[in-house]
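**Student:** Listed below, chain by chain, are the residues.
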Amino acid sequence: MNKNINKILFFLFLLFLQVLILNNINFLGHINPYLYIAFVFFYPLRENRFFFLFICFMLGLFVDFFSDSGGIHAFSTLFIAYLRLSFIKIYFRKLPTDYLFFNLKSEPFGKVFNYIVTLTIIHHFIYFSFANFSFQNMSMVLSNTLYTSIFTLILFFTVNYIFTKNL
Amino acid sequence: MQQIIYFFQKFKYFLFFLLLELIAVSFIFNNLNFHKSKFVNSANIVTGGLYRTLSDYTEYLHLRSNNNILSDENTRLKNILEKAISKSSMIDFIIVDSTKYMQKYIYTEAKIINNNYSKPFNFLTLNKGKRQKINKEMAVINSKGIIGITEQTSNNYARVQSILSKNSNINARIKGNTFYGTLKWDGVDYNRVQLHDIERQAPIKIGDTIETGGKSTIFPEGIPIGTVLKLSSGNTADNKIDVKLFNDMSNLRYVYVVKNIDKEEILSLENMDNE
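Chains as they are written, first to last, in this note's numbering: chain A, 1 to 167; chain B, 168 to 442.
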């Protein structure tokens, strides 16, 4: 029960952090970090997978509602939520029996880093491809993906470092 | 039958994933179509209400600059009024002031409660909607120039398609003559839009003012847009001109929504030859 409340609070915290603060940063004119995808990284593996996919879809859709982007965030967030399991298999070499006790904090930093960087870049690439919505300006999609990914990752690892050290 | 059940069992997550992705794609396509009604937009009661609360708090930070803009506009309008009065007193016959009952546009004041300018398709949210008689496809301007077109309204909020959108197509011309073109945006710089398909023989110089032409039923004639920044190089098919906007699209607050009273009449007349 307590864990469910924690999950809901984490969901709402990331949503409002994203739409009220991070969407208005506009670093160098147009770069906003998309930190809300941290929900996908941290959501426990042992939970029902249908519910996990659905809640990630809803998180993306709520961000879409606030930023008027149709369903782009919902699409890209759902995409990495689905891919998450295969990357856990590849990077951490876990079997389905290990999922019950899987925790990002107890894994070596190098593996966690690879896992998060891969998912972030995939998410941002899909997001900017759809936001651009044409095959012109492909260089802009790639440069936006690169810069925004760097910004998101720096922010994610900084916040992660601060919170894990204090607790 | 067993095979089908087995198939569903094996791929249940993937099928669920596919279903949700299809829903998301349909939202994306729906969002890009100007004439369709939309489900995912910021002009609903939850997002609109939250943005309004937020803008009520941050409003005080911009009071000084807003006052400056307002007094500038007042000065300009006072000068125009003074000119009109002096002109009419010089002419010594009775003037039937037709402007009072031949009014063509109604202006409504509104506040921007959410502004985007960094994406290829940008939208703004206004704090007024159907209850304040704001409908689809009305012009949104401020004292400096054009901002966009209303595109979706709820009871108390409206969503505006910014001119900074790859979908935006606005009739524009060079001030002082009647050569007109179409104003579009390429999605790169939020201070710069592009004027397409203007006549090749049109006399254009860098620094010329671009304003709205009277060819659309949405925008009034002669609303300023920006100045010519760069002429097209070479002989390309669409004579493309870079225009620097008068408005700083990243810093907007109070706007006017313009309703064209004669719009239905004009449109019904134009569509008559289809029969």
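These aren't lab readings, by the way, just hints derived from the structure by calculation.
Bear in mind that the values here come from a model prediction, so they are computed numbers and not experimental data.
Any given hint could turn out to be false.
Incomplete in silico selection of chain B near chain A, CB under 10 Å [claimed, not checked]:
id: 1; residue: A191
id: 2; residue: S193
id: 3; residue: H202
id: 4; residue: I279
id: 5; residue: N283
id: 6; residue: L291
id: 7; residue: Q368
id: 8; residue: P370
id: 9; residue: K372
id: 10; residue: V425
id: 11; residue: N427
C-beta atoms are modelled at their ideal positions from N, C-alpha and C, and glycine is treated no differently.
**Student:** Would you mind marking each hint as holding or not holding in the structure?
**Tutor:** Outcome of the hint check:
1. At about 4 Å, the closest approach between the beta carbon of A191(B) and any beta carbon in chain A falls short of 10 Å, and the interface hint on this residue holds.
2. Because the beta carbon of S193(B) sits about 7 Å from the nearest beta carbon in chain A, less than 10 Å, this interface hint is met.
3. Interface restraint check for H202(B): the shortest CB-CB distance to chain A comes to about 15 Å, outside 10 Å, so the restraint is violated.
4. For the restraint placing I279(B) at the interface with chain A, the shortest Cβ-Cβ distance is roughly 13 Å, beyond the 10 Å limit, so the hint is violated.
5. This hint holds: N283(B) has a C-beta 6 Å from the nearest C-beta of chain A, less than the 10 Å allowed.
6. Interface restraint check: L291(B) against chain A, minimum CB-CB distance 9 Å, threshold 10 Å, status holds.
7. Here the hint on Q368(B) is broken, as its CB sits about 29 Å from the closest CB of chain A, past 10 Å.
8. Among the interface hints, the one on P370(B) is violated; its C-beta lies about 31 Å from the nearest C-beta in chain A, farther than the 10 Å criterion.
9. Below 10 Å, beta-carbon pairs count as interface contacts, and K372(B) has none with chain A, the closest being about 29 Å; its hint is therefore violated.
10. Taking 10 Å as the C-beta contact cut-off toward chain A, the hint placing V425(B) at the interface is violated, the least distance being around 22 Å.
11. Checking N427(B) against chain A: minimum C-beta separation of about 25 Å lies over 10 Å; hint violated.
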